[in-house]
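The residues making up each chain are set out below.
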Amino acid sequence: MTDVSFPEVREIVKEHGRLAADVETLADGDSLYEAGMTSHASVNVMLALEDAFDVEFPDEMLKRSVFESVASIAAALQQLDAPLVA
Amino acid sequence: MTVDTDRDAAFLAGIAQIADEIAAANADDVDRNARFPQETFAALREQRALSALVPAEYGGAGVSFDAVAQACFELGRRCGASAMVYAMHQIQVATIVRHLDGSPWFEDYLRDLVVSQRLIASVTSEVGTGGDMSRSVAALTPGDGGMASFEKQAPTVSYGAYADDLLVTLRAHPDADAQVLVLAAKDQTTLEPTGTWDPLGMRGTCSPGYVVRATVPTEQVLGQPFPAISTESMVPISHLLWSHIWLGIATDAFDRARAFVRAAAKRAPGQPVPAAVKLSHVMTQLSLLRAEVHSSLDMWNGAADDREKLSTMAFALRMNNLKLAASEQAPVVCQQAMGVCGIVGFKNDTPFSIGRHLRDSMSASLMVANERIHQTNAQLLLIAKEV
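Those protein sequence lines, which keep their order, are chains A and B.
Residue numbering for the first sequence follows our numbering, beginning at 1 and increasing consecutively.
Residue numbering for the second sequence follows our numbering, beginning at 1001 and increasing consecutively.
By construction, these hints were calculated from the structure, which means they are not laboratory data.
Any given hint might turn out to be false.
[Unchecked claim] If you want the footprint, here are the derived chain A segments under chain B, 3+ residues with CB under 8 angstroms: (1) 9-20; (2) 51-59; (3) 63-70.
[As the list claims (entries may be wrong)] Simulated crosslink set (DSBU-like; lysine-lysine; CA at most 30 angstroms straight-line): (4) B:K1278 with B:K1347; (5) B:K1266 with B:K1347; (6) B:K1385 with A:K14; (7) B:K1309 with A:K14; (8) B:K1278 with B:K1266; (9) B:K1309 with B:K1385.
Backbone N, C-alpha and C define an ideal beta-carbon position, used for all residues, glycine too.
With the hints as constraints, model all of the structure from the sequences given.
What follows is the structure, encoded as structure tokens:
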């Protein structure tokens, strides 16, 4: 289990989210979908998160609201017991 | 979901009568002339079947979704085009009911729908989007006095010329990517035909292309964001109701094949009937189709009021798969049923004719192209856990 940090989540979103905007210009709570993340790209973000944090998102977490923002992703990872570091 | 069994039974008895006596009697003429099934819709209006899904609080019959799905099946057995128009209308009604979000305008609209039995068509397809319903080119342009206007190039608008209202996907603003659904009444709209309608099947849906132009008050914009409307209602409800029609078409093809086999058996009692064995093979294919359609309806019933569950990838995957599986299976059943009947199934003017069924069922994989849905599911399968 790897610790969850917001910068690490941001790194994965940056690499796989194909945002129109630079992820660093977004606040933790800003919508990634509004920043241009397609549902296709969001699947790649999910796969990369599972790999990086050694977790599996159960089906009930695989929905738009969970992957809406850096903060919601971090919260979901915490819920799966990936420890949060600041 | 509350199910009032008496109400549902009364509704379905009325539908069965219309299907058997009116839709069936006109199906061949509707098909041959690619004309709107007006007799069927006059009867459906008389029975107030167009407002069946409108809740009682707005004066509607408030029948269950199950009953409406069953109605699509019953109509589909007798006239695929009538069933498709009815289903598409119900998709629009269900979408408004589930997403009006307390809007007084849409609440009044539903009350009027009950009284006037208005028929709603949808304008979702658009030139230049590659068939992606969630990506409109056309946009709502704000005007004076709380009005907004749009112009949309639609390659198909089913029964557009016969509808009282259109529910249209548009970008919310010329500068926005976000989508909205807008209801435009016929007297607020002009339809400029851009093509003809002479297709292989589903001919009575009368679905040529139009340039659609309208100016509407902004209160006719459905308030909720389109991704939620699409995921929680439009897509699953479309796939559920369409697949009930395809099951209805395939079931009637099977029934005709069975009637053929029975007639052959009666002509030569005690003699082997080779077509009977073929019929048994068709039954196994039909039962697979029926199982997929019914189990998907069960899944919907277990989730319809749970918007969180409806928004999961696992649910989307399952509803997409229903569309794919049912649309691929229905023509298989129809073609095999034709194989049972032989030449009298191939001919268009016998009691065992299956040509219309086969042609109608072949539209299934094209309306929202299956390859696009397969691509979506291919992505979802990478991450979804239980399918």
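Hint check:
no.: 1; hint: 9-20; in the structure: violated (count 0)
no.: 2; hint: 51-59; in the structure: holds (count 4)
no.: 3; hint: 63-70; in the structure: holds (count 3)
no.: 4; hint: B:K1278 with B:K1347; in the structure: holds (19 angstroms)
no.: 5; hint: B:K1266 with B:K1347; in the structure: holds (22 angstroms)
no.: 6; hint: B:K1385 with A:K14; in the structure: holds (25 angstroms)
no.: 7; hint: B:K1309 with A:K14; in the structure: holds (28 angstroms)
no.: 8; hint: B:K1278 with B:K1266; in the structure: holds (17 angstroms)
no.: 9; hint: B:K1309 with B:K1385; in the structure: holds (14 angstroms)
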